[in-house]
Every structure is written in C-alpha cells, then in structure tokens.
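J.: Sequence:
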Amino acid sequence: MPYGLYMCLDYVTSESCGECITEALRDILKLCPTVFQLHMLFVFLALPWDLAYADPPYYNCSYSGNYIVPSPFQNNLNNILHSLSSNASISKFYNTSTGNGTDRVYFLYMCLDYVTNESCHDCITTASHDMLKLCPKPTEAVVWEEICLLRYSNKSFFGILDVTGNMLLDNEKFNSQPEEFKSIMNVTLNTLAYRAAFNLSANMYATGEAAVQDKTLYALVQCTRDLYLRIYYYSVGARLLSRSCFLRYELYFFYGGTSNPSQLGVIINNELQMMAFKCSYWSSYHYRYGKKEILEQGTVQIISDTSLLDFHHQHFLRRYESKSQEFPHFNLASIQVATNNFCDLNKLGQGGFGPVYK
Numbered sequence: 001m002p003y004g005l006y007m008c009l010d011y012v013t014s015e016s017c018g019e020c021i022t023e024a025l026r027d028i029l030k031l032c033p034t035v036f037q038l039h040m041l042f043v044f045l046a047l048p049w050d051l052a053y054a055d056p057p058y059y060n061c062s063y064s065g066n067y068i069v070p071s072p073f074q075n076n077l078n079n080i081l082h083s084l085s086s087n088a089s090i091s092k093f094y095n096t097s098t099g100n101g102t103d104r105v106y107f108l109y110m111c112l113d114y115v116t117n118e119s120c121h122d123c124i125t126t127a128s129h130d131m132l133k134l135c136p137k138p139t140e141a142v143v144w145e146e147i148c149l150l151r152y153s154n155k156s157f158f159g160i161l162d163v164t165g166n167m168l169l170d171n172e173k174f175n176s177q178p179e180e181f182k183s184i185m186n187v188t189l190n191t192l193a194y195r196a197a198f199n200l201s202a203n204m205y206a207t208g209e210a211a212v213q214d215k216t217l218y219a220l221v222q223c224t225r226d227l228y229l230r231i232y233y234y235s236v237g238a239r240l241l242s243r244s245c246f247l248r249y250e251l252y253f254f255y256g257g258t259s260n261p262s263q264l265g266v267i268i269n270n271e272l273q274m275m276a277f278k279c280s281y282w283s284s285y286h287y288r289y290g291k292k293e294i295l296e297q298g299t300v301q302i303i304s305d306t307s308l309l310d311f312h313h314q315h316f317l318r319r320y321e322s323k324s325q326e327f328p329h330f331n332l333a334s335i336q337v338a339t340n341n342f343c344d345l346n347k348l349g350q351g352g353f354g355p356v357y358k
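Residue numbering for the sequence shown is 1 to 358, as defined by the working numbering.
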C-alpha cells in the first residue's frame with residue numbers, strides 16, 4: 001500500500017491547489033516513471049479535482065454530444081460569450097439564441113438580484129471563461145458561480161421543464177433539533193416560493209428572515225420561472241443549484257454580499273430532487289396556463305404537509321376570500337393532483353358531507 005502527502009500554501013484557492021497538485025503528479029510520473037509512482041498517481045489523481053471544486057465554480061457538462069472544433073456551433077457560442085460584456089452590465093437576466101438548424105445555440109444567464117450590475121458583469125465574465133475551460137466541447141453545459149449561473153444548449157430549453165442535474169450544497173454542520181427547524185423552514189420557504197413565483201415585478205426574487213431557536217434564519221429564492229421546494233431540514237445551511245433557480249438558506253446574513261463558500265460541502269439529496277421535480281411541474285404549469293389557474297392548483301399542492309395547514313389557510317385562502325364572498329373552489333384536476341386521485345393515504349377523516357382529504 002503506497003502512502004503519500006501533499007500540502008498547498010494556505011493563501012491559495014482550492015482550485016489553484018487542485019491544479020498545482022495535479023501538475024505535481026504529472027511531474028512525478030515524468031521524472032520517476034516507475035510502476036510504484038504510476039500506481040500512486042492514480043490513487044491521488046481524483047483527490048485534487050474533488051478539492052479543486054469544493055468551492056465555486058460548480059458545473060454540469062452534458063456529454064451526450066460534442067461539437068466539432070472549429071464549427072459553426074462553436075462560432076455561434078463564442079459570439080454569444082463575447083457579447084456578454086455589454087449585456088451583463090445592463091441586465092441581471094438574459095436569454096438569447098443564434099444560428100440555424102443543428103448549429104443554433106440557446107443561451108441564458110442569471111445573476112442573483114441583490115448583487116450590483118458590476119458584480120454581475122464580473123461573475124458572468126468569470127463563468128464564461130470557466131465554462132470553456134471546464135466544459136470545452138459538449139453541446140450542453142451549465143456553470144454556477146457564487147452569485148450567478150450560465151447555461152447553453154443546442155436545444156431550446158426556454159420554458160421547458162428540466163430538473164436533471166440539480167446540485168445540493170449542504171452545510172457540514174447539522175441542527176440539533178431538526179423537527180423544529182423543519183417546521184420553521186417549511187413556512188419560510190413556502191412563503192418565499194410563493195412570493196418569488198407570483199411577484200413578477202420583483203424579478204422572481206424573494207428573501208426573508210425567521211427566528212429559529214436562538215438564531216436568525218436567512219433565506220433566498222430566485223427563479224427564472226417559478227419554484228416550490230422542500231429543502232434538507234437537518235442541515236443548518238444549504239443551497240440548491242438548478243438550471244432555472246437558485247435557493248439558499250443560512251443562519252447568517254448573506255444576501256447583502258458574498259459569503260464564505262468554504263463552509264459548504266456537496267451532498268446530493270434524493271428527497272430534494274423529488275421535490276424539485278414537483279416544484280418544477282408547478283412552475284411549468286404556471287408558465288403554460290397562466291397565474292390564475294396555477295394559483296388554485298399551487299394552493300392545494302403546497303398544503304400537502306399537514307404541519308403547514310394553518311399557515312397556508314391564512315396565507316392563501318384569506319386572500320381569496322377577501323376578494324369574493326363566495327366559497328373558494330378548485331377544479332377537479334387540481335384536487336386529483338393534490339389528493340393523489342383521492343388516495344386513502346391522504347384521507348383525514350369522514351365528515352357530514354363525505355370524506356375529507358389533506
């Protein structure tokens with residue numbers, strides 16, 4: 001069993017450390033070309049790359065297809081990336097497409113709403129360089145930086161449901177009272193999700209604070225469409241990076257500036273992936289059929305967690321009743337979705353007018 005050790009100077013970034021260690025391993029192989037060193041190289045080769053991307057940028061390269069270099073597709077992509085300098089200085093959200101046929105490139109970027117235009121410009125510039133370096137040839141890729149995301153594809157994705165490749169960054173510290181934390185998180189994120197989804201004038205962006213135990217919880221939701229999420233409640237902080245949204249909560253204030261990314265590790269959570277799919281379905285439905293229809297459907301779906309029934313009754317139904325003296329009503333399709341087609345598992349009891357479902 002070979003043993004090894006490496007060290008990077010404390011002031012360098014994780015990415016620089018990873019690149020340095022990788023280069024050093026290549027030099028070992030070149031200068032000491034023995035079987036022993038070759039075996040050691042393969043043992044340690046994966047470690048620097050894990051280290052290098054413990055901090056942003058995070059990325060997802062789709063290798064279902066690669067574009068040829070040079071090619072019209074590459075030229076179209078480069079033209080879009082070169083034009084970002086002016087666009088990112090004006091707007092924090094931008095999507096476009098250029099080219100024809102299979103060489104057409106669809107492109108989108110989004111900056112978090114609290115950052116300045118200058119910071120947005122710098123982030124998008126960095127992301128475009130990182131994208132070409134990390135994903136040099138695939139026909140589809142997405143890169144998340146600390147305060148922005150950048151995405152391109154050879155297929156149109158504007159307004160199309162896509163929850164593949166979501167990334168959850170979970171704080172390594174865990175909460176000692178997860179049930180209490182979960183309850184407060186439910187209310188906070190549901191409120192922000194509703195505000196972000198239905199307040200177009202706020203750029204699909206919402207932030208909020210909540211008292212949790214002896215601390216203050218800070219949360220942020222920003223979408224390119226709409227989103228409703230249930231997060232990993234046992235962690236004291238987390239981020240969800242999606243192709244169409246950004247969600248984050250911490251026990252410290254972060255949406256007035258850049259936070260320290262070294263406090264986060266990467267954990268993929270299956271429950272979050274499933275909830276993201278449900279949320280994105282809601283978003284897609286809203287995008288296709290308009291706000292009024294999805295407001296009714298979304299209200300029913302969100303209150304599927306019985307711990308939130310009182311909150312959602314006050315938050316949604318009171319607003320509905322204030323506009324009409326009639327009883328609120330929902331279409332049959334929405335009720336079937338909310339009750340899982342009247343499944344007995346969702347049945348709360350039997351009333352004078354029939355069964356009652358959650």
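To be clear, the hints were calculated from the coordinates, so they are not data collected in a lab.
Check each hint, because a few of them may be wrong.
What the hints assert, rightly or not - Listed next, the in silico DSSO-like pairs over lysine-lysine satisfying Cα-Cα at most 30 Å (straight line):
(1) Lys-215 / Lys-182
(2) Lys-173 / Lys-137
(3) Lys-215 / Lys-173
(4) Lys-155 / Lys-137
Claimed, not checked - Now the in silico label distances, taken between C-beta atoms and shown as ranges:
(5) Gly-165 / Leu-9: 28 to 38 Å
(6) His-129 / Gln-177: 19 to 29 Å
(7) Asn-199 / Gly-159: 50 to 60 Å
(8) Thr-98 / Pro-178: 46 to 56 Å
(9) Ser-85 / Ala-210: 51 to 61 Å
(10) Asn-199 / Gly-165: 46 to 56 Å
(11) Asn-95 / Lys-133: 15 to 25 Å
(12) Cys-20 / Pro-72: 35 to 45 Å
(13) Met-7 / His-129: 49 to 59 Å
(14) Thr-164 / Ser-91: 20 to 30 Å
(15) Thr-98 / Thr-164: 41 to 51 Å
(16) Lys-137 / Asp-214: 49 to 59 Å
Since the model is a prediction, treat every value here as computed from it, not as a measurement.
The C-beta atom is built at its ideal place from N, Cα and C for all residues, glycine as well.
J.: Which hint numbers doesn't this structure obey?
T.: Violated hints: 2, 6, 7, 9, 10, 13, 15; rest satisfied.
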